[in-house]
Each structure stands twice: as C-alpha cells, then as structure tokens.
Amino acid sequence: MKKLLLGNAAVARGAYEAGVRVVSSYPGTPSTEITENIVAYPEIYAEWAPNEKVAAEVAIGASIAGARSMSCMKHVGLNVMADPVFTVSYTGVNAGLVFCVADDPGMHSSQNEQDSRHYAIAAKIPMLEPSDSSECKEFTKLAYEISERFDTPVFIRLSTRISHSQSLVELCDRENDELKPYEKNAPKYVMMPGNAIKRHIDVEKRMLDLKDFSDNSSLNNVEINDNTKIGIICAGTTYLYSHEALGDKVSYLKIGMINPLPEKVILDFCKRFEKIYVVEELDPIIENACKALGIDVIGKDAFTLLGEYTPSMIKSVVLGEKANESSALSENLPARPPVMCAGCPHRGTFYVLKKLGLTVSGDIGCYTLGAVPPLASIDTTVCMGASVSVAHGMGKARGNEFTKKLVSVIGDSTFMHSGITGLSDIVYNKGINTVIILDNSITGMTGHQDNPTTGYTIRGEETKQVNLIMLAKALGIENVVVADPFDVKEFERVVKEETEREEPSVIIAQRPCALLKRVKYSGHCVIGDNCKNCKMCMKLGCPAISIKDNKVVIDNTQCNGCGLCINVCPFQAIKKED
Amino acid sequence: MTKSIMIVGVGGQGTLLASRILGNTVIREGYDVKVSEVHGMSQRGGSVVTYVKYGEKVYSPCIDKGEADLILAFEILEAARALPFLKKDGTMIANTQQINPMPVITGAAEYPSDLQSKIAEKAKLVKLDALSLAQELGNIKTVNVILIGVLAKNSEIEYEKWIQSIKETVPEKFLNVNLKAFDIGYNL
Chain Z
1 MKKLLLGNAA VARGAYEAGV RVVSSYPGTP STEITENIVA YPEIYAEWAP
51 NEKVAAEVAI GASIAGARSM SCMKHVGLNV MADPVFTVSY TGVNAGLVFC
101 VADDPGMHSS QNEQDSRHYA IAAKIPMLEP SDSSECKEFT KLAYEISERF
151 DTPVFIRLST RISHSQSLVE LCDRENDELK PYEKNAPKYV MMPGNAIKRH
201 IDVEKRMLDL KDFSDNSSLN NVEINDNTKI GIICAGTTYL YSHEALGDKV
251 SYLKIGMINP LPEKVILDFC KRFEKIYVVE ELDPIIENAC KALGIDVIGK
301 DAFTLLGEYT PSMIKSVVLG EKANESSALS ENLPARPPVM CAGCPHRGTF
351 YVLKKLGLTV SGDIGCYTLG AVPPLASIDT TVCMGASVSV AHGMGKARGN
401 EFTKKLVSVI GDSTFMHSGI TGLSDIVYNK GINTVIILDN SITGMTGHQD
451 NPTTGYTIRG EETKQVNLIM LAKALGIENV VVADPFDVKE FERVVKEETE
501 REEPSVIIAQ RPCALLKRVK YSGHCVIGDN CKNCKMCMKL GCPAISIKDN
551 KVVIDNTQCN GCGLCINVCP FQAIKKED
Chain H
1 MTKSIMIVGV GGQGTLLASR ILGNTVIREG YDVKVSEVHG MSQRGGSVVT
51 YVKYGEKVYS PCIDKGEADL ILAFEILEAA RALPFLKKDG TMIANTQQIN
101 PMPVITGAAE YPSDLQSKIA EKAKLVKLDA LSLAQELGNI KTVNVILIGV
151 LAKNSEIEYE KWIQSIKETV PEKFLNVNLK AFDIGYNL
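Residue numbers (the numbering used here), protein chains in the order written: chain Z, 1 to 578; chain H, 1 to 188.
Please note: incorrect hints may appear among the correct ones.
Below 20 Å or equal to it, Euclidean Cα-Cα: the simulated EDC-like pairs (lysine to aspartate or glutamate) are [stated by the list, open to error]:
1) H:88 x Z:321
2) Z:539 x H:110
3) Z:3 x H:56
4) H:65 x Z:170
5) Z:2 x H:29
6) Z:548 x H:29
7) H:65 x Z:555
8) H:122 x Z:325
9) Z:517 x H:172
10) H:57 x Z:223
11) H:118 x Z:331
12) H:57 x Z:170
13) Z:3 x H:89
14) H:141 x Z:555
15) Z:535 x H:110
16) H:87 x Z:503
17) Z:2 x H:110
18) Z:2 x H:56
19) H:88 x Z:325
20) Z:322 x H:114
21) H:141 x Z:223
22) H:65 x Z:578
Keep in mind that the hints were calculated from the coordinates and are not lab data.
Construct the complete structure from the given sequences, taking the supplied hints into account.
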C-alpha cells in the first residue's frame, strides 16, 4: 500500500519496520515530527528527553542493552549532543543505533545555518542522506543494517525540504524486533584511555571498510543520459532540484552515502564528462573531497554558500538559461514576519520589560519574537539556555548597577534543557541576576510538546512534574516569585522589586500558551467610546489591534478575547463582548 | 506534465490542512505527488507557503517563479506576494480578506491599496470573500475548506474524489461543517 507521508513520518515508519524499540529526542524544527510519529507505534518506547545530550545517551544505553534505538534532533541539537556522539563512535553499538539530524538551509526556523555533515566526518560516523520520503524510510532501515554490520552509530541527514515534504511511501511489515543479548564488555563500552586507544584502531579500520561499502552500495546512484557532456554530483534536495532543472540534458551521480564518500564511484563518474558540477547546499563537503581526489569540479565558485537552492538557480548556472517569465506588482509589498499569537502570554512580559527599559538577555523559543517591533525588547539570543549565562557574563563585565537593569528570559522547556546549569553558576559565583522563566506549560515553538515541567509524557500519560520553585530554591535562589504576565501592574512591580535586589532572583511568569486546547478565552475585545486614541494598546504588538482611519480598531476575527489590552488601557476604554 | 499548485496565506489560517486535502485527492488520481509544508517559527502569523505538485514523476517539492499553474491565496496581500510564482496563463484564486502584517500595525509600512484590481491586471483572478461565507456558515475556521471548494471547481478532478479525501483528512467532529463549507466554495 502506498501512502503520502512527510519525510519525518517516513523516517519514523522506517524505524518501526526496522524493529526499533527505543526512541528518545528533544523537539527541534525540522526534526520534531519523527518522534511525534513514533508515538503512533505502541511497540516502540518513545520519550521527550530534557535535551539532546540526554536523548542521545538514552539511545546509546538502549543500544548497548540490546535494543535498536534512535535519537532525532535539529542541526543545533547535534551541537548539544556532540560529546557522547564523538565517543559512541569508539564504543560502537550492540543493537543498531541511528541519529537523525535535520539541517535547516534557509533558516526557516533556526538561529544558524550549520552543515551537520562536518560532524559525521569529524566523529567518524557513517552518514546517509535521503532525497524523498520513500528513501527516508528505506535509508533508515538500511542504517540499522550498517550500524550492526560495522559496529557503528549511523547518521541520517535530513533537511527542511525533505523532512517537511510529503511524498509516496510503500509500507511494509515490522521485522527483527527482538532484543539482542546483553553481555558486559568493558573493553568495548568503558572508554578510558587504555580501552579507547584500542577502540580508535577499530574506528579507523571500520572507516576503511565503510569506504569499500560506500563504493559498492546502491545508496549511491549513477544516472547516465545519452550524449551528455556535463556530470552533476548531488545529494538529497539538490538531486531533486538539479533533476527538475536539467532533466536529461546532463548525467547524475546522486550520493546517498555522504560519509564515507564513494571515492571510486566519483572518480569513475567524473572520467566520463567534460565538465563536472558539484551541487550541494551549505558547505563544500563533496566538492572539497572531489578536489582532494584531484578532480577538477565546479562547486562554490558558481553556487552560493547561503540558503536553499532552487531549480532556476541551477539552470542558470549550468545551462546559462534564464528563469521563467513571471509578473510582479510594481510596488514594494510590506513584509509579514512571524508574530506572537493573539493571547500569547509572552506579550504581557515583554510589554513590561520594554516599559521598564531593561536590557533583556533572550533565548530560543516563540518568545524570541520579543525582539521584533513594537515590543523590540530582547538584546541577545544565542542558543538554548544562553539567556541565563550570557546575562551572568554581562553582569560580571559591567557590575551590579548594570545587572539591576538586566533580566534573562527563558521558556520552561528551554530552562529544563540547559538553563539550570547557568542559574547554578549565578548562585555559585555570587551574581545578582534576575531570571524570568516564561512558564507557558508547554514547548511552544515546535508545536506543543510536553516536557518535565508539564506533568505529562509524550503519550499524554500523567507523570511527576518538576516544581520550578523548589528547583530554583534548591539551587540557592532565595527570591522566587510567581507572577501572571497578564496582570501587568503586579508583574511590573515584581520585576522592579526583584531586579533592584543585591541578590539573584527567579520570577516565574506563569500563564499557559493561548493555543493549548485547555485554554479557553472567549468573546473578543472592542474599543469603546471613551477611547482617547492614546495608542497604549498598540504598544502590545497584538495582531488583532491596528489603526484604521486614524482610530484604534480590534479585528474580531483575530482577537481571542484574552483581555491583555483591557489591562493596559489607562482609560478603561476596552470592553469584552461575547 | 507536472501540475504545480501553491497555497499561500498567513500562519494560523489553515493552509496546511488545505494542502493535505489537495494532496490526498490527487493520489486518488494515481499521480506521483509531493507536498512541501512549512512548520516552526514561520507558522506564527507570518507568510506561509505550501507547494503541491503532481504528475507522472515529481522531482522538486518546491515551485519556482513563473511555474505555478494555480495559486490559492488565503489573503490578498499574500496573493500579491505570490504573483511572481504564477505561470503566464495560470489562475489566481484569492480570498479578498485583509490581515494586517506587523509592519502595517506598527505604522512602519502601509497596506497596499486596490490589490484586487492590480492583481487582475496581471493575471486571471478568481476572487471571493471566503471569510464572510465562513461567518455565514457559523465557523470562521472553514475559510480553508471553502477555498478548497473553489479550487476543486477549477480543477479537472471529480467532485466525489474531493469529498472522499475530506472525509479522510478532516477530524470526524468537524466533518459536517467542512463538507458544507466545501460545497459553498464548489457551488460559487
């Protein structure tokens, strides 16, 4: 039976069919739906871990214990889990172990555009790259065979367009789901110098064996068209774009095994053509490998290092053909950047922080949108958890008076991910920072995943809930206050009081995400006659409130009746209607 | 011959469901299909674009400028933004609803005037006020399925196949209202 599946759902299906028993991940666009789709298979134990390092280690443990296992992450999540990754390369596996990493060329939902293929090379781990949903499933199954045959973890590399495109997949039955026996094997699994020295020899030998495997594998596919003088080396998305653009005017080497590359296949392919282009998004990984083999290829001299490619871009470079004719309006159209939703609890927080003129050390989540006008409140955003430690560094650099005008903002899930260690640093090293945990009871940006603070597992079962107040106190924070960011007056008072202290504080800004099913705002807000047009409510940057004919109006198709604007109006001019 | 359809709108308008209904319908015709979606940050009230392509064999899941046979726009500014992607003889189906983007709300930009007539000068435009129709139906969330109804009318695929696909894609408890919404669009 053929089914239309998202690339991510197809990876999950591949894991199911390959007999995977344990999956642990932390959500991250564009990888999230792999683990979400795993939940559909009751045979597989699935969980959201607090961060990618923990998730990878859970998968490693399950593999050593004899279960085929998987961990999925976005590209920057791979940075977080890099530590175990480099060493599990040495230990190898018992049952198959696969890490699925999804890159985001074009940064649809990311803070950088790093190329994960570097990790596969650096950690000496084989990497496969599928180009559609059908390959997502097949390559995942093959990855488990490679993992067990060569005693190695295996990477599947995805990208936004592969992860988030649906195409047809043939479904098969589940196989091999028995546990492998577990036997203690310290020389293999205890990585201290005496053992690791020996394992490193195995790793290098394994990579040579895998090179041979890559050269003979159907993962790499040569497609020769008659009378062609140009050869294209491509992988994943760029195979699709190249084929769309160039059809049978060129020949293709589609690489499915990115590490180690099939060097003999590449050499043989290149001999047949006058001109060879390497078409790859992001960094020149295949190009540099070709050049090291002494092949004269055209790569990043003709193609950009930035963003996603398109068929028309490839057509123009390779064939010199112009893009299709198209018409556009002559005027400049206003951009439509993402915004916080109507009813978003973060809006109240940023309204107050902006009003108080504080320096705001930001983090990764929906609330990063607090950097966008009119709230324009956030000063820095680097990576998960950095809001806390960056603010500590700022405070140590500029002293206590500066720190009293500085706060960190971090979501509940992000705090559990990597904010706790930063907070412990502040206490230990006598910082006086104020950290605001934006507790909206969910991991919002990636589409509502539970986390240790929500009280539910990935399957919606009730579980113990981390108590953020007790956690902060246990770390040594004496001033912990819970406040509702929609009660703007009280929230402002709390922020002032806590930032003025010569001690560290934690404010838990508590209000659930407006998109959660249990959150039931009703009716909508309307502007009444006593509106003085002071435009205070416009400072909220609510998508429902705008100016029409010089008067403030609320669009009731956008408004969900959250009532935040009622709380900021100095003239009580806004009322709620059913 | 590959057919290329683009669905554009504002995050939260239900473009994803529309593209899934379309995708599930064209599989019934036995085509190879690719649907490219947008998840994550861009979904939060920003411009969203979904591509649906079908034919004997589809390679790229994305649509380039000048390539779309049909664009289904959920909002008129987004229709204008997507116009360069339309083929010379392609059709634009546009909901006339206006949703102000943040730069317009903050006063940094103005919402362009007369977009409907400006688009109609450049392309074949089928326009409708899907929001009012959805309001009359009593559920503003059905805008997406009303628009799919209009798209269906402008396609060569039979009515029944669309209905089957809606039944498969839409959750049971919203099925009735969505079937009604589809008919409203289809019979316009």
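Results of checking the hints against the structure:
Using a Cα cut-off of 20 Å, the hinted pair residue 88 of chain H and residue 321 of chain Z holds, with the two alpha carbons roughly 18 Å apart. Between residue 539 of chain Z and residue 110 of chain H, the direct Cα distance comes to roughly 18 Å. Compliance with the 20 Å bound is thereby established for this hinted pair. About 16 Å separates the Cα atoms of residue 3 of chain Z and residue 56 of chain H, which keeps this hinted pair within 20 Å; it holds. Proximity of residue 65 of chain H to residue 170 of chain Z is assessed by CA-CA distance (about 32 Å); at most 20 Å being required, the pair is judged violated.
For the hint linking residue 2 of chain Z to residue 29 of chain H, the alpha-carbon distance of about 13 Å falls within 20 Å, and the restraint holds. A distance of roughly 47 Å separates the Cα atoms of residue 548 of chain Z and residue 29 of chain H; the hinted pair therefore is violated under the 20 Å criterion. Simply put, residue 65 of chain H and residue 555 of chain Z have alpha-carbon atoms about 33 Å apart, too far for the 20 Å limit, and the pair is violated. With a CA separation close to 13 Å, the supplied pair residue 122 of chain H and residue 325 of chain Z stays within the 20 Å bound.
Distance hint between residue 517 of chain Z and residue 172 of chain H is fulfilled; the C-alpha atoms sit about 17 Å from each other, no more than 20 Å. For the proposed pair residue 57 of chain H and residue 223 of chain Z, the alpha carbon gap of about 16 Å is at most 20 Å, so the pair holds. At roughly 10 Å between alpha-carbon atoms, residue 118 of chain H and residue 331 of chain Z fall within 20 Å of each other, so this suggested pair holds. With a CA separation close to 16 Å, the supplied pair residue 57 of chain H and residue 170 of chain Z stays within the 20 Å bound.
The straight-line distance between the Cα atoms of residue 3 of chain Z and residue 89 of chain H is roughly 32 Å, outside the 20 Å bound, and the hint therefore fails. A distance of roughly 15 Å separates the Cα atoms of residue 141 of chain H and residue 555 of chain Z; the hinted pair therefore holds under the 20 Å criterion. For the given pair, residue 535 of chain Z sits about 18 Å from residue 110 of chain H by alpha-carbon distance, which is consistent with the 20 Å threshold. As the CA atoms of residue 87 of chain H and residue 503 of chain Z are separated by approximately 63 Å, the hinted pair breaks the 20 Å bound.
Distance check on the hinted pair: residue 2 of chain Z and residue 110 of chain H sit about 48 Å apart at the alpha-carbon level, beyond 20 Å; violated. Distance restraint check for residue 2 of chain Z and residue 56 of chain H: the Cα-Cα separation of roughly 15 Å lies within the 20 Å cut-off, and the hinted pair is therefore satisfied. Proposed proximity of residue 88 of chain H and residue 325 of chain Z is supported: the alpha carbons are some 7 Å apart, at most 20 Å. For a cut-off of 20 Å, the pair hint linking residue 322 of chain Z to residue 114 of chain H is broken: about 31 Å separates their Cα positions.
Restraint check: the Cα-Cα separation between residue 141 of chain H and residue 223 of chain Z comes to about 47 Å, which exceeds 20 Å; the hinted pair is violated. Taking the CA atoms of residue 65 of chain H and residue 578 of chain Z, the gap is near 44 Å; set against the 20 Å cutoff, the hint is violated.
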